[in-house]
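Protein sequence lines, in the order shown, are assigned to chains A and B. Take the first sequence: its position 176, counted from the start at 1, is 176 in our numbering, and no numbers get skipped. Take the second sequence: its position 218, counted from the start at 1, is 516 in our numbering, and no numbers get skipped.
Every clue listed holds true.
Dumping the calculated DSS-like pairs for lysine-lysine here, alpha-carbon to alpha-carbon at most 25 angstroms:
| no. | chain 1 | residue 1 | chain 2 | residue 2 |
| --- | --- | --- | --- | --- |
| 1 | B | 664 | A | 194 |
| 2 | B | 664 | A | 232 |
| 3 | A | 91 | B | 726 |
| 4 | A | 180 | A | 121 |
| 5 | B | 726 | A | 232 |
Derived from the structure by calculation, the hints contain no laboratory data.
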Amino acid sequence: MFRIRQAHFLAPGIKRFVIEAPRIARKHEPGQFVIVRIYEEGERIPLTIESSDPALGTISIVVQSAGKTTHLLNSMQAGDAIADVVGPLGKPSEIAKFGTVVVVGGGVGAAMAYPTAAALKRDGNRVISIIGARNKELVLLESEMRSVSDTLVVTTDDGSYGQKGFVTDRLRELIEGGTKIDLVLAVGPVVMMKAIADLTRPAGIRTVVSLNPIMIDGTGMCGGCRVLVDSKSQFACVDGPEFDAHRVNFEVLVQRNAMYREAERRSMERFVREREAREEKNGAGNDEPCTVVQGGKQ
Amino acid sequence: MTQPAAPSANPLTLKERMKVPRQQMPEQEAALRSTTFTEVNLGYSEELARQEALRCLECAKVACMQRCPVGVKIKEFVQMIVAGDFAGAAAKIREDNVLPAITGRVCPQEDHCEAGCTLGKKVKPLGIGYLERFVADYEQRMGIHHLPKVAPTGKKVAVVGSGPSGLTVAGDLAQKGHKVHVFEALHELGGVLVYGIPEFRLPKQIIREQLDHLRDMGVEFETDVVVGRTVTIDELMGEEGYDAVFIGTGAGSPQFMGIPGEHLNGVYSANEFLTRINLMKAYRFPAYDEPMVDIRGKDVAVIGGGNTALDAIRSALRLGARNAYVLYRRSETEMPARAEEVHHARQEGIDFRMLTNPVEFLSDGKGWLTGVRCTRMELGEADASGRRRPVTIAGSEFELPLSVAVIAVGTSANPIVQSTTPGLQTDKRGYIQADSSTQRTSRKGVFAGGDIVTGSATVILAMGAGRRAAKSIHEYLTSGGWELPAALKIA
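Bound conformation, chain A alone (with noise of 0.2 angstroms):
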């Protein structure tokens, strides 16, 4: 069992949850997940870790509600065990002196790409960031990624907060602005990560994408999260999560996370039902709404 020691809302059905898990924390590096399985019944899910702490033995993970099992998680508290936390897995990211570096967070996506742009900030790197979200109270980690980027960028799909568009409109500006830009990596929902790929191939830049199929086991035993790279399978959870982005087939990926599309709708159906049906016998609210968020797993 993994204590939560913290657990605290970011934005609406974003959660951040501090968990001892002493073993992953002295072993982390930015780019690597966990698989974690909340209870007996449950499914096992990767999610990135945003950031570890070797000395307290804890590492946190940034959490969207979007099924089941990420509501069921959202609704624990610090003092909750989880049932299973497992990694660090993945192979890390590359951290090396690039030059200038441009680094995208799409909505929960943010939180994947900070330890990586902190990482490449400390070895030199002039790093760029830009976050975007759908409206103000979603934008995450802005102080943090501040800190560890020489211009930071916030975009807002409504224009509710920083500039109004998408992270991809930011990209193309300063591409087309004369920005040399060594490296972009991209991490978010895969319709973003894919334009961003679509945007930096003419442009010749060398991209990498952070990618996030369905896994089982996370460590190369099962073939679940094959990814067509270069028209080839790999396996995310063992040759990535990490690839060059204009090699990816984002196509088959999209096609692949819908694969229980139907099954997970009915999870959450019922998921609902049930809580509705705790919350009428026990007369007592919750402080978080449902929403369905649409999309793969984060």
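Position chain B against the provided structure of chain A, taking the given hints into account.
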């Protein structure tokens, strides 16, 4: 009560013994079992066990024991069954095999002990596996625990992986008084025994009981540790203070065929398909959260001819598949699966399509599998494996409609431990190199065995490697000597 029975306990003459027919294993009816995951083989009664044990010719040569990868004293335990001393028989097996209830179910005895049985030259060989299972189940039913009383040696051994080789090492070393700590990457213990082999062949309860036995012997277990990631071999040998490490991480990564359409929704590796069912209980969705494609009324095929392939397709049948095919590119003679499993599968209604080679998975245009294009094969000259090479028959292409395809064409080495352990020598294919008699690797104090050394094999062969490793680890811990076989010297 554990005194060995005298050979004379058997009242029959050798001639009379030859006349007793091999006692059949009681089975659940095929029609019933194709809809349930409960065990196919029901086990011998005391009556059947004693009757079967009477057939043993008690040869001086004990070819049966010589062919057992873990060296179970078969003649002696069978004599104890004849004498009615079932507990003694169980204790006798445990001297050499710490997982008898498991091997009694999944070991291919026809390739080992029963292939050596003298009876087999004239009539059917002694049902050694069935007898082993009987005494192991008897021991469990009666709550008998044979706990060796040994003084602790103060030595600590880390075992990486809780599959058959690791559990054998753990059991054998605990019996020598060493402190053993087993690390497992998944949330449940047992390795391939829990994620791979289905309930109807090896009930999870049996594994849990065998694990409890090891716990009672003082073995410690830790789940959710991926050695190589969560902790490295060097850290185990260094700051964690282990005196030796055994690596038994298994065969690892599933192979795909590299044919078009393998990424379609509905195409699974056998490892993923079986893991969703066995480990994650996806067939009980939504009571369990892990989903899988709904198989009820669908056409399902497995590609491959090994035990894993049969485990997958027999599981699909139990989940309600309308048609359940085995597509295999060679003929039945070359199938690596156990004869008993092929027999059971056929009884249950599995449709075997031999000399059939898939060349492309077909799509509905929206990313979902709709079928497979295959060619028919014929057998040509023998290849490097000694089996006749399948050759495509020109113009023989045909399509088979499918909703789910399961690829069970083998595995390749999982790289996590090897790539994070400097100086650990591997072969061209990435498997760990270990001496075949001592299981020593190129790293002092580090031993390896099972599928991560040999590539995918069987539970009993992994256990055999575990036995050799445990013996060799004990020698190393008591003498401190470490001689490397020449081939493994670090450059």
